[in-house]
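Asks: One-letter residues, chain by chain:
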Amino acid sequence: MQVTLQEPANAHLMAFFVRSLLERRMAVPAVAKRAQSIRGRFSLEGSGMRAVLSFSESGIEIACGDGAADAGVRGELSTLLGVCLGKGYILPVLTGRIGIRGNPFKLLPLLGVLVE
Amino acid sequence: MPVETATPIAEELRSVLPAECVLTDAATLAKFAEDITEVPGHPPDVVVRARDERDVREVVLLANRRRVPVVPVVSNLNVGGLAIPEKGGIVIDLSAMNRVLEVNEADQYMLLEPGVSWGDVRKLLDEKHPSLRFAYSFSPPHTSVLANCLMDGLVNLSLRHGSTGSWINGVEAVLPTGEVVRTGSGAAGKTWCSNSPFPDLTGLFINFQGTTGIVTKMAVQLWPSRRLRRRAFVLGYDVDSTFALTKRLTRADVCDDIGGLSWPIAKLLFGEPNPVHRAAGEPVFILYIDLSSDSEREFRYRLDTVQEAIDQARRGGAKFGDPLDLVDLVKIEPRFSKFADMPARLDFLLDHPGGGLTWVGTYGPVSRWEEGIRRGMALMEERGYPPIVVTRPMLGGHFGVLRFISLFDKKDPASVARVGDLNKALSDLVIDLGFWPYKTPGWVLARHRDKIDPGFLAMLDRVRRALDPNGILNPGKW
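Heads up: the sequence lines are chains Y and W, in that order.
116 is the number that our numbering gives the last residue of the first sequence; the numbers go up by one with no jumps.
594 is the number that our numbering gives the last residue of the second sequence; the numbers go up by one with no jumps.
Worth double-checking, as some hints may not be accurate.
DSS-like mimics (lysine-lysine), calculated; alpha carbons at most 25 Å apart, straight line [unchecked claim]:
1) W:K244 with W:K454
2) W:K526 with W:K540
3) Y:K33 with W:K526
4) Y:K87 with W:K526
5) Y:K87 with Y:K106
6) Y:K33 with Y:K87
What follows is a set of in silico ranges between Cβ atoms, one per label pair, in the way DEER data are often shown [what the hints assert, rightly or not]:
7) Y:A30 with W:D223: 54 to 60 Å
8) Y:D66 with W:R491: 29 to 35 Å
9) W:L240 with Y:A30: 55 to 61 Å
10) Y:I100 with W:R563: 39 to 45 Å
11) W:K244 with Y:L108: 38 to 44 Å
Treat the hints as calculated values from the structure; they're not laboratory data.
None of the values given here were measured: they were computed from a predicted structure.
Here a beta-carbon is modelled for each residue, glycine too, at the ideal position from N, C-alpha and C.
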C-alpha cells in the first residue's frame with residue numbers, strides 16, 4: 001500500500017509524522033491488508049496542524065490543510081501519537097483530550113491501521 | 117602509489133621521526149586542506165602522524181628552528197577554517213594519541229589525550245564507570261573531546277556547568293619553543309582534580325585555537341550519572357513565548373539542558389532537503405528538555421515543574437503543545453534516535469548532496485535572543501535559506517547560544533560565495549546585538565576586529581608573542 005505525502009516541501013511536521021507512522025504500519029502485511037479495504041477521507045488535527053488522509057485503491061495520500069473529510073479526530077499531538085502507540089484511546093476520548101468529528105463508526109477501521 | 121612531493125622540511129622531519137609518520141603524498145595533503153565550511157582550503161606541505169608528546173616536541177622544535185607553521189589537527193572535521201593550514205607548513209595529526217590515561221571516580225575527572233573521541237568516552241564510561249557521566253555535543257562521535265573543550269564548546273550539560281572550557285582541570289602542553297608544561301593541579305604532580313587554586317594558566321590554551329601550544333593531555337570534569345532520564349520535545353508557536361518559557365525553565369533549575377530547534381530542523385530529519393516554507397499551524401520552535409534524577413520523587417517534581425511552566429504560559433495566552441516524549445517519537449520515526457542517544461552523527465546535516473555545512477554560532481546575552489532570532493531567521497528566509505536556528509541557555513542562563521546553520525553546495529563557487537555573504541550579514545547582525553561567534557573563524561576576526569577593545573588585542577598579541585616568538589603555531593587565527 002503506497003503512502004504519499006502531497007507537496008512535502010509545504011507540509012507540516014504532523015504530516016511527516018503521519019507519513020512515517022503509516023509507512024511503518026504498511027510494512028506489516030496484515031495492517032496493509034486492513035488499509036486496502038478502507039475508503040474515504042479522514043482528518044487528523046494535532047496541536048494546530050491538520051492533515052487529511054485519503055484512502056483509495058491506489059494507496060493512502062496525506063494532504064495538509066482544510067480539505068473535506070468524512071470524519072476526524074482532534075487533540076494534542078502528544079495524545080494522538082500516544083493513541084497510535086497503543087496507549088489507549090477510550091480515556092482520552094472520554095476526558096475530551098481527543099475530540100471526534102463526524103461519524104465515529106467511520107473511524108473504527110482507521111484505528112486498526114494507525115494503532116499499534 | 118601515492119604521489120610524493122619532497123619538501124626540505126619533510127626530509128628534516130624524517131631525520132628525527134620514523135618515515136611512516138611523515139606523509140607528503142597528495143591524497144593525505146588534500147585530506148587536510150579543507151573543512152566542511154565555505155572557508156577556502158589550503159594544503160599543508162607535510163602531515164606528521166604524532167605517536168606521543170615526544171613526537172610533538174620534535175616537530176615543534178624543528179618547526180620553530182626553521183620558522184615553519186604548525187597546525188594541530190585531530191579528527192579533521194574542523195570548522196570555520198580553524199585547522200586549515202592557510203600558510204602551508206606542517207599539519208600535526210594527533211588522532212593516534214587516543215588513550216584515556218586515567219578515570220578518577222572519586223575525584224570525578226578523566227585524563228585524556230587529544231585523539232580520544234566522544235564515542236570512546238561514552239563507551240568507556242558506560243562499560244567501566246557507569247556511576248559517572250560526561251556530556252556530549254552534536255559533533256559526530258569520532259571527533260575529539262579535547263579539541264571541543266579547548267575550543268570552549270557546548271554540550272548537553274552546559275546549562276548546568278557552562279561551556280566545556282570551564283570543565284578543564286588542567287593540561288599538559290608543548291609550547292611553541294618546545295618546553296613541556298603542566299597547568300592546574302597537575303602542575304603539582306599528585307592529581308588532576310582541579311584548576312584551582314593555581315593561577316589560571318590553563319586559560320592560555322582555551323579559545324586560543326592552538327596558537328599558544330599543542331595540548332597533549334587534558335584533565336576534564338565528569339559528573340554523577342543519573343538513574344532516571346527523560347528528553348521531551350515541546351512545540352512552541354511563537355518566538356517570544358517560546359523563549360519566555362526557556363528562561364523560566366532555566367531559572368527553575370530543574371533541567372539538564374534546554375535546546376531550541378527552529379522548525380526546519382525536524383523536516384530535515386524527515387528527509388525534506390530544503391524546507392523553506394513553514395506550513396500553516398506549524399510550530400516555530402521545538403524545545404527539547406532534558407531531565408534527570410536518581411530519585412523518583414525528585415524526577416516527578418522536575419516533570420511537574422516543566423508542566424506547570426507550560427500551563428502557566430498557556431494561561432497567559434501562549435500556545436504550546438504538551439511535551440512529546442522522545443522515546444515515543446523514536447517509535448514513530450526511528451530517525452529521531454539521532455536526538456536520543458548522544459553522541460550521534462547528524463547525517464541530515466552532514467550527508468546532503470552539496471556537502472557544505474556552515475554556521476554563525478555565537479554566545480551572548482539571553483536578553484537579546486528574541487531579537488536575534490527574529491532578525492536572523494528573516495535574513496535567512498529573504499535569501500532563500502531554511503531558517504535553521506539552534507539555541508541553548510548556558511551556565512544557568514548567564515549566557516546563551518544563538519546559532520544559524522546553513523547547508524550549501526561546496527562544489528559550486530556561486531553557492532559558496534552566497535553562503536559566505538549570508539554568514540557575514542548574520543555576523544554583522546548578531547555581533548551588533550552583543551553576541552560573539554564561538555570557535556571564532558578567521559573571517560569573523562578580519563571583519564569585526566575593529567569592534568574588539570584595542571587593549572585586549574594588544575595584550576593578546578603580547579601573550580602570544582611571549583609564548584610563540586616566531587609565530588609558528590596555527591598562524592592567522594585569534
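Asks: With reference to the structure, classify each hint as holding or not holding.
Replies: Verification of the supplied hints:
Our distance criterion of 25 Å between C-alpha atoms is met by K244 (chain W) and K454 (chain W), whose separation comes to about 24 Å. The hinted pair formed by K526 (chain W) and K540 (chain W) meets the criterion: a straight-line CA distance of about 17 Å does not exceed 25 Å. Between K33 (chain Y) and K526 (chain W) the CA atoms are separated by roughly 46 Å; this puts the pair beyond 25 Å, and the hint is violated. A threshold of 25 Å between alpha carbons decides the hint, and for K87 (chain Y) with K526 (chain W) the separation of about 46 Å lies outside it, so the pair is violated.
Among the hinted pairs, K87 (chain Y) with K106 (chain Y) is consistent with the structure: their alpha-carbon atoms are about 21 Å apart, no more than 25 Å. Among the hinted pairs, K33 (chain Y) with K87 (chain Y) is consistent with the structure: their alpha-carbon atoms are about 23 Å apart, no more than 25 Å. Range check, A30 (chain Y) to D223 (chain W): about 57 Å between beta-carbon atoms, so the 54 to 60 Å window is met. In this structure the supplied range 29 to 35 Å holds for D66 (chain Y) paired with R491 (chain W), their Cβ-Cβ distance being about 32 Å.
Between L240 (chain W) and A30 (chain Y) the beta carbons are some 44 Å apart, a value that contradicts the proposed interval 55 to 61 Å. Remark: the range hint 39 to 45 Å for I100 (chain Y) to R563 (chain W) is contradicted by a beta-carbon distance near 58 Å. In this structure the hint that K244 (chain W) and L108 (chain Y) lie 38 to 44 Å apart at CB is violated, the actual value being about 53 Å.
The structure does not agree with the numbered hints 3, 4, 9, 10 and 11 stated previously, though it agrees with the rest.
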